[in-house]
Amino acid sequence: MTDMMSETGLLKETPQTTEAVGGMGYSVKRKEDPRFIRGQGEYIDDLVLPGMLWLDIVRSPYAHATIKGIDASEALKIPGVLAVITGADLEKAGLHWMPTLAGDKQMVLPTDTVMYQAQEVAAVVATSRYIAADGVAAVLVDYEPLPVIVDPFKSLEPDAFVLRPDRGPDKANNHIWHWESGDRAGTDTAMEAAEVRVSEDIYIPRIHVASIETCGCIADWNATRGQMTLHMTSQAPHAIRTVLALVSGLPEQNIRVKTHDIGGGFGGKVPVYPGYVLAVVASLTVGKPVKWIEDRSENLQADSFARDYHIHAELGATKAGKITALKVKTVADHGYTDAAADPSKFPAGLFNVITGSYDFDNAFVEVDGVYTNKPPGGVAYRCSFRVTEAVHAIERMVDILAHDIGKDPARLRMENFIQPDQFPYKTPTGWSYDSGDYPRALQKALDMIGYDDLRKEQLEKRAKGELMGIGISSFTEIVGAGPSHDFDILGIKMFDSCEIRVHPTGKVLARIGVQTQGQGHETTFAQIIAEELGFPVADIKIEYGDTDTAPYGLGTYASRSTPVAGAATAIAARKIRDKSRKIAAHLLEASEDDLEWTNGKFSVKGSPDKSKTIQEIAFAAYTNHPAGMEAGLEAVDYYDPPNLTCPFGSYICVVDIDRGTGQVTVRRFVAVDDCGNIINPMIVDGQIHGGLTMGFAPSLYEEISYDELGNNLAGTFMDYLLPTAVETPAWETGKTVTPSPHHPIGAKGVGESATVGAPPAINNAVVDALWHLGVRNIDIPLTPQKIWAILNEKGVTA
Amino acid sequence: MIPAQFDYVRPAAMHEALQILVDREGDAKILAGGYSLLPLLKLRLASPALLVDIRDIDGLDEIVETTDGLRIGSRSTHRSILENPVVVAGYPLLSDAAGGIGDPQVRNWGTIGGSCAHADPSSDWPAVLIATSASIVLRSTAGERTVPARSFFLDTFQTAIEPTELLTEVIIPRAPRPSGAAYAKLERRAGDFSTVGVAAQLSLGADGRIAAAGIGLTAVAEAPFAATAAEASLIGSEPNEAAFQAAGIAAAAESRPGSDSHGPAEYKRAMVKEMVVRALRSAAGRAQAQR
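Chain order of the listed sequences is H and B.
Under my numbering, the first residue of the first sequence is numbered 2, with each subsequent residue one higher.
Under my numbering, the first residue of the second sequence is numbered 5, with each subsequent residue one higher.
Since the hints were made in silico from the structure, they are not lab data.
One or more of the hints may lead you astray.
[What the hints assert, rightly or not] Simulated crosslink set (SDA-like; lysine to any residue; CA at most 20 Å straight-line): (1) H:445 x H:432; (2) H:787 x B:269; (3) B:46 x H:719; (4) H:330 x H:90; (5) H:787 x B:263; (6) H:78 x B:8; (7) H:583 x H:553; (8) H:795 x B:211; (9) B:46 x H:296; (10) H:576 x H:586; (11) H:787 x B:193; (12) H:69 x H:44; (13) B:46 x H:261; (14) H:155 x H:706; (15) B:46 x H:60; (16) H:320 x H:196; (17) B:46 x H:130; (18) H:106 x H:89.
None of these values were measured; they are calculated from a predicted model.
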């Protein structure tokens, strides 16, 4: 008998295992933390290999220019500078362009034109990091500036300079693609019929994840063995191995990608950057290991960015506030190439989840991708399958509707929510939400923050001229890519995997296809196995990030580890339990059907003293297995999820605005999250705290902007403002639990929920504070100078 | 972020350091905490041939109160000033300013002398020294001279220090009682360089009116400067809101801010007014407490 899916979707609000086992629901301390808090993590830049060389990159000061010549002669005179690699060198091997994950192409090094400021122009290989930098300073590049386009709307004008002539004469414009979803005609009709219509232009600016660890690698080519080892900061090592095999022609079994510890990814370590390719080319050329590590400014100026969405949204409703239609037209600024990491079928990611938490029939969404003279955009910032942009737009629009018709924003949401009995819920743009209870989450948030009292306080303050606002965001996330019928990257389906080996002494080694960048996989995946098999978490070792040993997987991003690899882990464990049942039946001389599984052991029904623990069974698998059965106790699962998972939540933010300076202070922030069954409450809380902070940051501080010459105005931490602990609010978190009905352990992803849900709550609060002055919208970041300019215009500065 | 090659010396005594400055005039740069200099080196915006590390020279990190006022050795770190008992007891303006510089790591390493010698128009100490009419002591092999803070800061990253001179201490005169001083800093986030910084000091006469006023402004001109028109407007006034507002308006008019990522010039000028008013309110409150 098999029961691999029998427990799918069960509600687990309390732990089912003992604390010593430490299965789901226990805040087990993170197994990875002892090495991190003792400074013994091992990052790429900690590695020094024998004979290793260093690579540094010459970058363009111009956002758009013709390269008239590169003179490396002075650089090559510096003792220790071994080589200077240019686009012309790469062109001889056909490596000057490379494919992007989105099916576009990207320069490794330019042969004639640079397309953004800080683009790679040449690479210097030297015997030390310092000499490499001296070499970079000595390379002379002769540029002739070209017209710069930083505004995607100007880029779409018919007479705009064509930025990508390499696309051929039939694509002599800067339009990359058009994508649409939903029913245009039906939505137009419903919008026409709507009693109330509100529309707004919302810009979600370009931002950068700014992980503590920048990107880098060591390419180590061993010519004798024909082996390429790539030590690399990658969230998706297997995908990198396959892409490298396809691009380089090296046999895939002779490529090993190894990630080591990673100091933050957030999606920024999914793509292939030119520096990786240059290190590989350099190592292949000189036959020695070559290290390339970005510095902070390179990371902030050249790596892939997120957002940069110009959204025009229109919402139709009845006079009473029942939403009837949503129409959205968006221009997506992708920079000079589309290097987004979306699944192949989704050039705008999952942006059509924009109907959000609300029940209505008519929606139409269209997006146009556009080239500009900026580095690649649209990659990631702890969610860049465009759910952040979608949630921001719908939550802003719902708030504007509420204010316009004079209805409390909480009440308007309650009256429009998809109700718990409507799940699985099919959205007008085609998604199927697995489960949810939106009214419960919002009510809990309202109760936690004391909403009614705050509204009274706001009225009193307003009468005194003080500016206070309350903002709500009731978001629906959609994570866990994804089902193979819809989701692939470069053709590779987005399954994920786990391989479990139980050793004779009852200890476990499990390897997973996903890659931790701080999420705590070594702990939570062990807890899943503990839950399913009863081995204590301490007896389970989790490995990942070495393509020579880990099973194939698409990596960690888009909150997919638990929804996909977590499911694979539970199913692989259940395969082991199935075999264990057979072994137990053999040991107990009972029929399999007469055995029951409780607390890590099989016992004979009605005779609980006749039992075998999982550890005894494991020993027997190697010492006393039944005739006709293979020895050993191992299983592998490659999990193809039947659907995505939809975590959700309701956030409420209270802000005070300093009328003298325009400064916004977040006074309180309540976050109620529902991510289904919880594996480790402490880690989920940590994810939510971090995610909230990364939602707070672009709401008030972070923005990558460019002047008209394409100069990055936030290329260092002096101007790209990460908030500190001083500004960051004391988060107040709460939860509800609504299991995913299709996931083996009823869990959903959670890594990005808070980053997605927080910005509109803050944005709504600030607009709420100023609505009585005639303010309808302010785009993030809500900087003091932006707010002060509005106060000044309205004549209400202190 | 990798500096060009440089030589490094660490003289054991003052006279050695001063002789090196003569021998290597124009090539040598003093290294104290390094929190201004090292970023310039790493960005290759500066490439001095020689760094002269003054950490081993005795007597440069003392903070003592004398009849002249408070003498602060140039190698005193922001933190040592913040935590000094004399400062805590009697110089709240210094505490305000020191506590707002950077983060703990910056305050542990950065020094008041380094900050003044570097003369970034956004750094906080210069405005404090201007508001208090402090003096800056410079020494060379030829001897010692004292320069008023109000004529020390010449332009962005430019001061009255000659290449052969070492900044050894600053002297903050004791203000007559009752007086009060405060630093009001508008920053985008904790520890950031000022968008606008205002150091204000008020002394009250026997009649309770303002007898003396000092206002130094940070980050709103090519160099820190004294808002002299604002100071003049306060003399003889009651320390009240109307006087503070008038001083704020005068200081805004004296400012010459540029537009940058901290905000447009118009915003910064308005913030000068706002922060002058806030600094004066706080200074006046502290002065009243001494009456």
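For each hint given before, does the structure comply? Return the numbers of the non-compliant ones in rising order.
Hints 1, 4, 7, 8, 12 and 13 are the ones this structure does not satisfy, whereas the remaining hints hold.
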